[in-house]
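Colleague: So the chains spell out like this:
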Amino acid sequence: MSSRACWQTFPPGRSTVSTRVRVLQVFLLVLATLGIVAGAMNGEVRTVITKAINVCLQCIGIG
Amino acid sequence: MTLRRTAFQGVTGILQNSWFTGFLRGRIWRGSSKAVCIPGLNCYSCPGAWGSCPIGSLQAVFNRASDRISMYVAGLIGLLGIVLGRLVCGWLCPFGLIQELLYRIRSRKVRIGPTRLRFLKYAVLAVLVILMPLLVRDRFGVGDPWFCKLVCPAGTLEAALPLLALNASLRGAAGWLFVWKASLLVATLAASVVMYRPFCRFVCPLGAIYGLFNRVSFVQLTLNEDTCTHCGACVAVCRMAVDPSHDPASAECIRCSDCVAVCPVHALSLGLPSAQRKQRTVID
Ligand code: SF4
Ligand code: SF4
Ligand code: SF4
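If you're matching them up, the sequences are chains A and B in order.
Per our numbering, the first sequence starts with residue 1, numbered consecutively.
Per our numbering, the second sequence starts with residue 1001, numbered consecutively.
For the record, the hints were derived by calculation from the structure and aren't laboratory data.
Treat the hints loosely; a few may be bogus.
Stated by the list, open to error - On the chain B side, residues computed to face chain A include the following (Cβ under 7 angstroms):
1) A1160
2) G1172
3) A1174
As the list claims (entries may be wrong) - Just so you have them, the derived chain A footprint on chain B, three or more residues with Cβ under 8 angstroms:
4) 1021 to 1033
5) 1037 to 1045
6) 1055 to 1063
7) 1089 to 1097
All C-beta atoms, glycine included, are put in the ideal place defined by N, C-alpha and C.
With the hints as extra help, turn the sequences into a complete structure.
Modeller: What follows is the structure, encoded as structure tokens:
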């Protein structure tokens, strides 16, 4: 009996794919975390909060 | 399962928008929690919203000449995508819930199978969320959030309607743009009565991004090929036009788990790959 996760639909061998995808998952997880930290250090949080605490005129159709 | 999911969507939707003072006074929350994006398409100008909309925030960063490259917002969206994929759409997005509730209204239903129209959301993402906010600028070098400005029905419903209802000055400023956006909202809501989540299937740029993560996210829909009899029950129940018995990792799957509940031989499951690996090790 075999159980297949959907990311294992990639050819070829299941175990190889599974390891590759696991590596990709961890890589993307680390990349996203680094992005959050780097962006925060770069002042991006200020841009987000400045936009979010003021009424967005474009969102409500008058800007 | 459907009711449990609806209850979960309802509770999380209310929690994300529970600054009730905003609804009473026609104001929005101005606290530091707005620095963080909430998972679904939830307008940051909704009077009750505690957090920021990922798509609005992404455009805000692209709009500023000094930023241009987004790492913080893209990282937050990526983090949610890599962990959950489109589970966010099925369980955490208030605008998805609103469309689902409208679909419950008794009426004739239109069922659209897999169609190329699904690629429209990627075009919306590329043009209105990324390219135009990056490239179209006024003489001061400032851009516009074009998706919010021209399309987003979530913003019209969650922000424009309550704020304009409670603010005479904002009401006075509403013009043709508001009429256009309100028309799109009405069309989206009307279509949602006869069709399951039309905005999610064909237009939403956030669903498009999360969909790209569906094949690699930690949370997965799993098919046990040996158990599956290809009876078609899962295909019949899926309203996102996915065939989980052939492609459970489809970018269209919102991980609602309706197919899991209906499978007569329990060949489908929703969960974390680590558990599946352990199961395979034991069984193999
Ligand atoms: S596709 Fe967009 S609107 Fe639909 S549930 Fe996902 S994030 Fe929300
Ligand atoms: S319902 Fe179950 S058995 Fe039937 S096709 Fe889908 S996964 Fe296979
Ligand atoms: S494939 Fe299953 S979990 Fe995915 S959207 Fe369809 S019914 Fe929901």
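Colleague: Does each hint hold? Answer for all of them.
Modeller: Consistency of the hints with the structure:
1. A1160: holds (4 angstroms)
2. G1172: violated (9 angstroms)
3. A1174: Constraint on A1174 of chain B satisfied, holds at 5 angstroms.
4. 1021 to 1033: Holds: 5 residues of the segment 1021 to 1033 of chain B have a Cβ under 8 angstroms from chain A.
5. 1037 to 1045: Since three or more residues must qualify, the claim that chain A covers the segment 1037 to 1045 of chain B holds, with 4 doing so at under 8 angstroms.
6. 1055 to 1063: holds (count 4)
7. 1089 to 1097: violated (count 0)
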